[in-house]
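In case you want the letters, here they are:
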Amino acid sequence: MKLLFSFITVLLLVIIAYAGIRYASLYYVFGVIIPYAAVGIFITGFVYRVLKWAGSPVPFRIPTTCGQEKSLPWIKQNKLDNPSSTLGVIGRMSLEILFFRSLLRNTKTELREGPSLAYGSDKWLWLAGLAFHWSFLIILIRHLRLFTEPVPYLITLLNNLDAFLQIGVPPLYITDVVLLASVSYLFIRRVLIPQFRYISLISDYFPLFLILGIGISGILMRYFFRVNLISVKELVMGLVSFNPQVSADIGSIFYIHIMLIATLFAYFPFSKLMHMGGVFLSPTRNLANNNRMIRHINPWNYPVKVHTYEEYEDEFRDKMKAVDIPVEKE
Amino acid sequence: MSDVLKPAELSKINYKPPRKEWMKTPVNFKHGMYIYPAKAKNLKYLDMPNPREWSPTDKDWKLPENWKEIVLEGMRERLGKYRSFKIFMDICVRCGACADKCHFFIGGGDPKNMPVLRAELLRSIYRGHFTKSGKIFGSLNGARELTVDVLKEWFYYFYQCTECRRCSVFCPYGIDTAEITMMGRELLNLLGCNVNWVIEPVANCYRTGNHLGIQPHALMDMFEMMLDDIYDRTGIRVKPSFNRKGAEILFVTPSADYFAEPGIYTCMGYLVLFHELGLDYTWSTYASEGGNFGLFTSHEMIKRLNAKIYAEAKRLGVKWILGGECGHMWRVMHQYMDTMNGPADFLEEPVSPVTGTKFENAKSTKMVHITEFTADLIRNNKLKLDPSRNDSLRVTFHDSCNPARAMGILEEPRYIIKNVCNNFYEMPENTIREQTFCCAGGAGLGTDEMMETRMRGGLPRANAVRHVHEKYGVNRLACICAIDRATLTTLMEYWVPEVKVTGVHEMVGNALVMEGEKERTLTLRGDPLKETEGEVNV
Amino acid sequence: MNIEDIVLRKKADILRRGASLIMETYSVNASTFFKDQKDPFANPVGYTISQGMEAIFDTLVRDEANKRALDFLDRIVRIRAVQDFTPSQAIGFLFSLKKVLREELQKELQENSMYEELLLLESRIDNMALVAFESYMKYREKVYGLKVKEFKNMAFRLLEKANLISDIADEEAAVIKNDTRAENMK
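Protein chains in written order, with this note's numbering: chain A, 18 to 347; chain B, 7 to 544; chain C, 7 to 192.
Calculated directly from the structure, the hints in this document are not laboratory data. Everything numeric in this text was worked out from a predicted model, so none of it was measured. Fair warning: there could be bad hints in the mix.
Stated by the list, open to error - Cross-link-like lysine to aspartate or glutamate pairs, in silico, EDC-like; alpha carbons within 16 Å at most:
| hint | chain 1 | residue 1 | chain 2 | residue 2 |
| --- | --- | --- | --- | --- |
| 1 | B | LYS251 | A | GLU345 |
| 2 | C | LYS144 | B | GLU499 |
| 3 | A | LYS93 | B | ASP235 |
| 4 | A | LYS338 | B | GLU366 |
| 5 | B | LYS320 | A | GLU345 |
| 6 | C | LYS167 | B | ASP235 |
| 7 | A | LYS19 | B | GLU455 |
| 8 | C | LYS155 | B | GLU366 |
| 9 | C | LYS153 | B | GLU355 |
| 10 | C | LYS158 | B | GLU455 |
Please model the entire structure based on the sequences and the hints provided.
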């Protein structure tokens, strides 16, 4: 049901874009208004969400420590998994954000005959997640060639590297393959394994379908229904320079691609995709475990009712005196 | 599940449980799987809301009339006060990395014990009441209305989480179920839905200074018995002081160490160690509880109970505080105390009076963990140790959740153990250190009402212990947590009865060669020191 | 060819079905996890069951009530005794083995009319069920015993103080303790 709902929504988006271009020729709507609106929503929404998170204070310093603390000088601290300095935190966060360190912890043990245990590791989720995010990022950067004139050298270089296998004309991008493969894996895993199907929501399926749709439409556009790249670049440069010009000689597949991307952008701030921003703010990861070294301040710390020593002694004074415990008042 | 099954149902082989969505599966309170509610008198003593007589199995929970408003307002307030809560409500992608990391899920298989789903219990309400998409798409997008059934589900599952933080280690965003459970319990507390096993210790601790409600004179009796036992085993009369002004150090440890078996042997370990060092320290009857069940109640309650530690240190005029072996106590001391009740500017930066070592890592909070203190002593050769006295023990070490995942005390206890006994074996890698499995009795679950839940939740831990028992003949499970000492004892008795539980300082006490001691024939426990009779292999 | 040989030949199938039949007494989420996760430490339940089924199978074909097999059966029951099952559910999985056998051996049974031999196998299952029942009760009693024991441990010193727990040796020592106590407090 949730799956179907997500799939149909994405399909509907495709149909809308196709029909809008093919039958209503709404080039301006799909080529200009929707992209602008989507980017607008994305930026405002993203900033709003991050500001809202930042608006809630961090009352306590609660890092999850995953290694030896800094204590006595002769005990080796694990500076990355249990950082006590800002530098260490940056290291920990970098490992987390660039390499998904925590997912890599999925070790498993195999019991074999013989004296020693063998440690394997359940790395598929980590691998697929990493492959997906990195290829997505590279594809995104690669697309900047459409947004820049002249195209910076680094982007051209990345582009060439990505296509270095030189298979087919135009040459196949490795990241295209990796992206589709990893998203498919993440999708199949979610559908086939009952634990994950049980916990999955629309907001889990929908982005997967959307990204799958974006990937497929992009590949179709590059390899099968070729579009006029020069017109595309003109359109994009027009958008970037706030001087949009539409042209009718780009195939409708391009508008489908744009529609799906626009949807992703607009949907982003309202969804779990915000983990992209949230991961930076997670208090169990981005704080140093220096709790006993430097006092953490809680901005809303307020006085509470306590049971004072005086009240305690008043209640138990006789009993304390009977066993020679020193008291304040005789 | 119905109580009576037809014979035919028993032999059904293609039985698959109905594939209902989790939101449509209400909880069923069964004996052995929930804790009795807090007694009204305890709630009243603490000025906590809605004291009444009730039971989770009742249809009517006697909630205040505007209970819904209270919960939603409570959520709103906490979303604004805790970034952790807000972020954890928003960014979970349900990748499932945590799903099989919870000991309760591993041992019992209840899907709502998967950390992701435990959090969804709260998240679904967050979506339904605080987000647009939740309001529009409803249950399709994992949102739902707050109902009494939801509340019952919260009560059931937030008291089936030991706040051990194991799932948080594996989460790519560090989402910490302990934090979510704490919020869930805070909200339940607003309605007076809490458990007596937590609230009674809280009330006792508030009044008498310790969980069992032991009054000062009785406390002295307990110590006397321990001192007699020490005399019996070592021939030395140890004389600790209580509430003594002007001592250099205040020592704080969980009260289970004075009263409970086998905690008392760990406590004897502290007593002989401090005696041998000639440490200028004092115990306090007012601050006679290191543990803090406020952690299992609400942030405010943590602060209310914790306040007495610094207050007492100040009143007695000590220089710094030393803390005994305890898990959740140390989460509070390490991550909350200074922020809540500091700054401790009336204390001095801790320096070991024996070795002169400065405990740089405790310079603000001014409280040192006993394993840091003892490891430093051993490293500087200040203790005369005879590890062969522990030769009858084959030891493995259980990393207690909070010292491992909220502090990172991993090597200190291991260093001590390796110096006080000759036979030490590690359990498999994915069951120790930051990946350690909980005893399944933490966070206020360690009561006999929960026995079945605890036994199955403790299976992953026990299973690893059994492995080293079968492979290396391990017969002693060491830990640095008072709750562990109580609950692992029970757990071992069920799963691996050959293995007994010990605190690290009990072994220190046994190995410690004291000045003027008689020839030791008994351990602190009163067991014969077998190996000392024959050859001495140091 | 006797029935044991046939059963041995179909060992893999019978074991697989037997194990998945126990797994399926859990929720669908849990049963996939119990089946798929092979790490004995990350998945003690699944590991114990798959190990245990093998041992049970051996007992079935050899009629050897060997210690190892009984030990494994005991381990499975020990786990199920504290899980969310009624007593009949907890040990009922053994009876459903009968159905697996009947279905797996259907053809051979008809062809060779081995029903008498089947009855023999089934009575072995019945015997195991009796053993399982003993284990089950043992562990249920253990759970209740632990509740009492834990309560005693928790307030060990208080109970000792109140003379609620003491043994003979302690009573002798108590006389000395009482004498010394008064002095020591000063």
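Structure-based check of each hint:
A hinted pair counts as satisfied when its Cα atoms are at most 16 Å apart, and LYS251 (chain B) with GLU345 (chain A) qualifies at roughly 10 Å. Proximity of LYS144 (chain C) to GLU499 (chain B) is assessed by CA-CA distance (about 13 Å); at most 16 Å being required, the pair is judged to hold. The straight-line distance between the Cα atoms of LYS93 (chain A) and ASP235 (chain B) is roughly 38 Å, outside the 16 Å bound, and the hint therefore fails. For the given pair, LYS338 (chain A) sits about 39 Å from GLU366 (chain B) by alpha-carbon distance, which is inconsistent with the 16 Å threshold.
Between the alpha carbons of LYS320 (chain B) and GLU345 (chain A) the distance comes to roughly 14 Å, so the proposed pair stays at or under 16 Å and holds. For the hint linking LYS167 (chain C) to ASP235 (chain B), the alpha-carbon distance of about 13 Å falls within 16 Å, and the restraint holds. For the hint linking LYS19 (chain A) to GLU455 (chain B), the alpha-carbon distance of about 39 Å lies beyond 16 Å, and the restraint is violated. Distance check on the hinted pair: LYS155 (chain C) and GLU366 (chain B) sit about 43 Å apart at the alpha-carbon level, beyond 16 Å; violated.
The straight-line distance between the Cα atoms of LYS153 (chain C) and GLU355 (chain B) is roughly 44 Å, outside the 16 Å bound, and the hint therefore fails. For the hint pairing LYS158 (chain C) with GLU455 (chain B), the CA-to-CA distance comes to about 15 Å; that is within 16 Å, so the pair holds.
Hint violations for this structure: numbers 3, 4, 7, 8, 9, all remaining hints satisfied.
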